[in-house]
Every structure is written in C-alpha cells, then in structure tokens.
Amino acid sequence: MRVRWAAALTTALTIVFAGSAGAAWATDPVDLGAATVLDEAGVLSSSDEAAVEDRLSQLSSESTADLFVVYVDTFTSPSGAADWATATAQDNNLGPHQYLLAVAVEDRAYYLSGDSEGPVSFDQLDAIEQQRIQPELAAGDWAGAAVAAADGIQDAAGGGSAGGGGSGFGGILIFLVIAAAVGVVIFLVVRSRRKKKPAATGGHGAPEVEQVPIEELARRAASALVQTDDAVRTSEQELGFAKAQFGDAASAEFEQALATAKENLNKAFTLKQQLDDATPDSPDQARQWNDEILRLCAEANTGLDEKAAAFDELRKLEQNAPEALARVQSERATVAAALDDAAAHLQVLSSSYAPEALSTVADNPEQARQRIAFADEQLAAAQTAIGAGDGGEAAVGIRAAEEAVGQAALLEQAIDKLRDDLAEGEKSATALLSELEQDVAIAATLPDSDGRVAAAISSTRQQIDIARNHLSGPLKRPLLALEGLESANQQIDALVQDVRDAEVRTQRARQMVGQLILQAQAQVSTAEDYITSRRGAIGAEARTRLAEAGAALVQAQQLQQTAPEQATQYAQRANQLAGQAIQHAQNDVGGFDGGMGGMLGGGASRGNDGGGMLGAVLGGIVINSLLGGGGGGRSSGSGGLGGMFGGGGGRSSGGRSSGSFGGGGTRSRRGGGRF
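Note that this note's numbering numbers the sequence shown so that position 316 is 316, with each residue one more than the last.
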C-alpha cells in the first residue's frame with residue numbers, strides 16, 4: 001500500500017554552534033577566512049598554491065563536496081591531530097559536505113576531518129588517508145597530498161546535487177509537531193492513488209510548467225519520483241498478494257500496467273541521475289528533464305489507475321477476511337519464530353566484523369520486532385472487526401499486518417544475506433591477495449627505466465598490507481579490503497599483462513569481471529533491502545542511485561562474456577552507485593529518527609515507539625490511525641513521509657553557507673597519523 005497521509009507540520013529550528021576547544025595548542029586552530037588553502041608553515045610555492053586552489057575549486061564544482069587544506073608547523077602532539085582538525089572545522093562552521101585536511105609539517109602528522117553525515121564515509125576517509133594522502137606527504141609533496149585528498153574525496157563522493165534526503169537536516173535540530181491524526185489506511189493502492197497523484201503541473205512543455213521557477217520544478221519532480229516509486233513498489237507487493245489469492249490470469253491486466261509503469265519510472269530515474277551528475281546542465285536542459293520526469297511519473301500512475309476497477313474486484317478481502325486473517329497469523333508466527341535466530345546471527349557477526357561493515361543490518365532485529373508488534377496490533381483489530389461483522393475494517397488491518405510481516409521477514413533475511421556477502425568478500429579478497437603477491441613477483445623482474453614499476457610495486461605492497469589489516473582481528477572489513485585490492489590489481493595488471501600469455505590474460509579478465517559483478521550484485525541487493533524496509537523515510541537521491549545501479553549491473557551482466565572490459569566498468573559503477581544509495585538512505589533514516597523519534601516515544605533505535613508505530617511509518621506501511629488517532633470510518637490522506645523528507649533543494653557550492661548550521665553528525669573517528 002502506498003503511504004498517503006496528510007500532516008499539519010510546525011518546525012522549530014535550533015542552531016547550535018560548536019565553540020573552539022578549550023585546550024592550549026602549540027598552533028591554535030586557525031581562521032580560514034575566505035581561503036580554501038592556508039599555508040602557515042610556508043611549504044607551498046605560489047605555483048603550488050595556485051595548483052591546489054584550482055583542484056579544490058574543481059572538486060567543489062564537480063561533486064557534492066568541498067575541501068579546505070591547512071599547513072601549520074605543529075599540533076599539540078601527533079595524537080592531537082584529530083582534535084586540532086575537528087576544532088578548526090567547528091570554529092569555521094564547516095558543514096557535512098565540507099572536509100578539512102590538516103597537516104603539521106614539523107610534527108609530520110596529518111588528519112582528514114569529515115562529518116559522519118557527509119557523502120564520504122569514515123571508512124572511505126581512512127582509505128583516502130592511507131592510500132592517497134600519506135604516500136604524498138611521506139615523499140615531501142605537500143601540494144600533491146592536497147590534490148590526492150581532493151581526488152579521493154571526489155571519487156568517493158561522486159557528483160550531483162546534495163539537496164534533499166537526510167543530509168538537508170544534518171546541521172539542524174528539528175522538532176516536528178504533527179497536529180492531527182493522519183493517513184487513514186486504504187487497503188487498495190488504487191483508491192489511495194485516486195485521492196492524490198504526483199502533481200505533474202501540466203504535460204511535457206505545458207505553459208503552466210514554464211511559469212514555475214526551476215527550483216520549484218525540481219522539488220516537484222523529486223517528490224513525484226518518491227511518490228511514484230512508492231506506488232510501483234507497493235503495486236508489486238499488491239500484485240504478488242493478488243496472484244497468491246486469485247491466480248495469475250485474474251492479475252494479468254494489472255501486471256501489464258505495472259510493467260509499463262516501471263518502465264516509465266526507470267526512464268524518470270535516468271533523467272534524475274543526469275541532473276545529479278557532475279556535468280553542468282543548462283537551465284533549458286534542467287527544465288526540460290524535470291518536466292519529463294513529471295510527465296513520466298504522471299503517466300506511470302495513470303496507467304495503474306486505468307486498471308482500478310479490475311484491481312478493486314481482486315482485492316475485496318472483506319469477502320474472505322477470516323481465511324486471510326488465518327493465513328497472515330500463520331506467516332507472522334513463522335517470522336516471529338525466526339527473529340531470535342536472526343538476532344543471534346547478527347551477534348556472531350558483530351564479534352568478527354567492524355560496526356561499519358554491519359551498518360545496513362545493525363538495527364534489523366529491532367526493526368523486525370517493531371514490524372511484528374505493529375502486525376499484532378493490526379491482526380487483533382482485524383479479529384475484533386470480524387467478530388463485529390465488519391469485513392472491510394478487518395481487511396484494512398489484515399493488509400497492514402501482511403505488509404508488516406513481509407518487511408519483518410525481509411529484515412531478518414538481510415542479516416544472513418550480508419553474512420554470506422561478507423564471507424564471499426573475505427574469500428575473494430584472500431584469493432586476490434595471493435594473485436597480487438604473484439603479480440608483484442612478476443613485476444619485480446621487469447625493466448624499470450623510469451621508476452614506474454617500482455612505484456606500482458610499492459603502492460601494491462602498501463595496499464596488500466592495508467588489506468591484511470582489514471582481514472584480520474575482531475573488526476574485519478572484508479569488502480573494504482576487496483575494494484582496495486581491486487584498485488591495486490588494476491594498476492599492476494597494466495604492467496604485467498604483456499608478459500602473460502593470451503589464455504591467462506583472458507582467464508584473468510573473466511575472473512575479475514565475474515568477481516566484480518558478484519560484488520555489485522551484493523551491494524545492489526543490500527541497498528534494495530535497506531530502502532524497501534525503510535522506504536517511509538527515503539528520499540529521491542537514494543532511490544535514483546539505486547535505480548541507476550541496477551541499470552549498470554544489467555549492462556555489466558549483458559557484456560560479461562563479449563566485452564569484459566566494458567562489463568568491468570559497468571560493474572564498478574553499479575557498486576559505486578549502490579554504495580551511494582545506501583549512504584543517502586542512511587542519512588535519510590538518521591534524519592527521520594531524529595525528527596520523529598521524540599514524538600512517538602523515543603525513536604526506532606530504542607524500540608519505544610508505541611508498539612511498532614514508528615517502525616510502521618519508517619517502513620512506509622499504510623496504517624489506519626497514525627499517532628494513536630482512531631475513530632470510525634476511513635478517509636484518504638495525501639503526501640507521504642518520503643516526499644516530505646526527500647526531493648528538492650540544491651547545494652551552494654563554493655563558500656561555507658551550508659556550514660553555517662554546523663554538522664548534524666560527528667567528526668570523531670580514529671584516523672590520520674604520521675608520515
């Protein structure tokens with residue numbers, strides 16, 4: 001069922017500025033002023049400084065991130081690098097999308113400071129420090145370290161708008177007051193859609209669209225994507241339930257309408273990805289593409305609505321409510337019985353893997369408990385309604401419980417899927433380590449007139465050491481290790497491929513692309529599970545990245561045998577986009593927890609949500625009395641949590657306007673080091 005609920009919303013904004021640290025520093029945290037590069041240690045020539053400034057300007061214009069670089073003589077101590085950089089970032093009001101590279105020349109210490117809610121994860125910051133920045137600093141290339149940091153951040157952050165999603169709430173404490181009970185359940189997706197469709201404000205090229213400011217048009221397009229994506233996802237579930245109850249033949253017409261709607265939605269997501277990428281778009285292009293997104297979304301919904309009458313007939317649950325209730329109760333019992341095992345499996349994983357490796361499933365057992373608790377409430381209400389002879393009301397509760405139980409099962413299964421993916425990642429990384437050792441031995445026998453071979457060998461050995469650390473101890477990060485090894489493998493392969501015979505080269509290429517495709521499949525699947533089970537809070541950015549990741553994965557699979565090099569590129573892109581989808585989605589959910597948790601009794605992460613109500617809203621499940629509302633009768637609402645938090649907005653590049661609200665996350669992590 002689509003989430004459709006109207007909300008009266010009052011927002012209070014509290015801006016909290018962090019003061020400078022109270023400790024005395026050998027060099028006090030600095031004021032950046034209008035500079036992106038501040039060289040108080042005097043290590044940059046004028047040409048070096050100009051080159052760094054040009055690269056930082058390019059980063060700002062081509063990605064969602066900014067970088068500031070500071071060179072000083074000394075911190076308090078090498079161990080104080082993180083505190084010094086964090087204090088400087090806070091004093092200068094750097095926001096979640098703004099990073100600071102701090103280098104103490106005499107201490108030979110450095111730190112790359114970033115916010116946990118920014119587009120680059122802490123694991124990625126660690127990798128950028130170890131693989132890119134530290135080697136340049138060790139070689140005494142001060143400007144090269146800054147350029148390497150910018151390269152790493154741009155690769156990790158990708159291009160596109162930073163608007164919408166959870167990141168828009170990163171620096172603000174938001175107190176949401178919902179003034180009325182909203183969103184009454186309508187168990188037919190078509191009925192809810194009849195009440196409100198994504199507003200297209202006219203067809204492609206319509207005069208009224210031309211009068212809408214481009215920023216408003218972009219907001220509407222993003223909101224329409226969220227609403228239509230929810231409609232299609234829920235329609236898929238509705239179709240599955242209809243087939244199970246009424247057979248394939250009776251569902252054929254709706255199935256065809258759904259296929260057409262999905263095709264239109266995929267085209268709309270492709271346009272959104274083009275708008276978000278690093279290539280600047282003209283105002284005419286932006287208007288045309290947003291207009292087309294609105295048209296495609298409206299068409300997708302219209303196609304589904306045309307089959308409304310037939311679908312209504314399929315979903316008359318009131319005619320067999322007792323049988324349907326018994327079926328869902330049985331499914332609920334099966335899922336509830338598996339919950340303890342799922343939690344135990346997660347506990348075992350947490351003893352072997354780093355928290356960030358498990359971040360997408362860390363709260364899955366609690367989320368599943370909330371869905372089951374909500375299902376229990378709905379099933380009890382349905383049982384009461386059946387006893388009272390109200391088959392329609394019973395159907396509403398049964399349908400809501402049905403979806404809640406389905407999400408609980410998905411959340412449980414995701415834990416074992418990730419366990420298998422991590423195990424496969426370890427296996428692949430271990431095998432690749434062995435192959436890289438052989439490649440290093442081969443490379444060492446090659447002539448090296450320009451030092452290129454020695455540099456590649458040194459870089460590969462460094463990555464091997466990093467990977468071994470990620471694969472050992474109680475805090476393993478196998479997927480991060482595999483990612484680094486694959487990067488090193490590409491570099492050294494370019495050196496040694498000429499000394500391999502053709503058969504070995506072909507075999508190695510097929511092996512690598514197959515491994516990359518499996519890795520991308522796992523990442524896309526993880527993103528899909530995370531977004532589906534929390535779709536009530538997920539905005540357009542995460543959904544767009546996921547749609548594009550899926551398309552890239554299909555391309556990789558199609559080209560795997562005939563064009564392995566192209567397939568490799570598509571698989572890498574799919575993996576990167578799926579990772580970005582997860583990051584956007586986690587940011588969205590973080591904003592949702594912070595804004596909604598207090599109203600509903602403490603937030604999803606603590607489980608104190610009135611018997612699963614917050615979990616139901618987070619999961620995008622249609623419910624019949626949000627926030628404890630109730631009363632008889634049914635009415636349809638409008639809007640949706642995904643649309644409220646997603647869509648719209650852009651990022652002000654250059655300058656620090658986005659940082660004026662501070663960072664909503666944390667800049668505290670173990671990182672940096674000596675060079």
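Keep in mind the hints are simulated off the structure, nothing from the lab. Be careful, since some hints might not be right.
As the list claims (entries may be wrong) - Computed Cβ-Cβ distance ranges for the label pairs, DEER-style:
(1) 302 x 54: 46 to 52 Å
(2) 333 x 565: 46 to 52 Å
(3) 435 x 337: 54 to 60 Å
(4) 34 x 266: 42 to 48 Å
(5) 340 x 302: 34 to 40 Å
(6) 340 x 281: 50 to 56 Å
(7) 139 x 280: 32 to 38 Å
(8) 340 x 511: 36 to 42 Å
(9) 487 x 35: 30 to 36 Å
(10) 388 x 351: 48 to 54 Å
This one's a predicted model, so the numbers in the text were calculated from it and none came from an experiment. Note that beta-carbon positions come from the ideal geometry of N, C-alpha and C, so glycine has one too.
How the hints compare with the structure:
| no. | hint | in the structure |
| --- | --- | --- |
| 1 | 302 x 54: 46 to 52 Å | holds (49 Å) |
| 2 | 333 x 565: 46 to 52 Å | holds (51 Å) |
| 3 | 435 x 337: 54 to 60 Å | violated (44 Å) |
| 4 | 34 x 266: 42 to 48 Å | holds (44 Å) |
| 5 | 340 x 302: 34 to 40 Å | violated (46 Å) |
| 6 | 340 x 281: 50 to 56 Å | holds (51 Å) |
| 7 | 139 x 280: 32 to 38 Å | holds (35 Å) |
| 8 | 340 x 511: 36 to 42 Å | holds (40 Å) |
| 9 | 487 x 35: 30 to 36 Å | holds (32 Å) |
| 10 | 388 x 351: 48 to 54 Å | holds (50 Å) |
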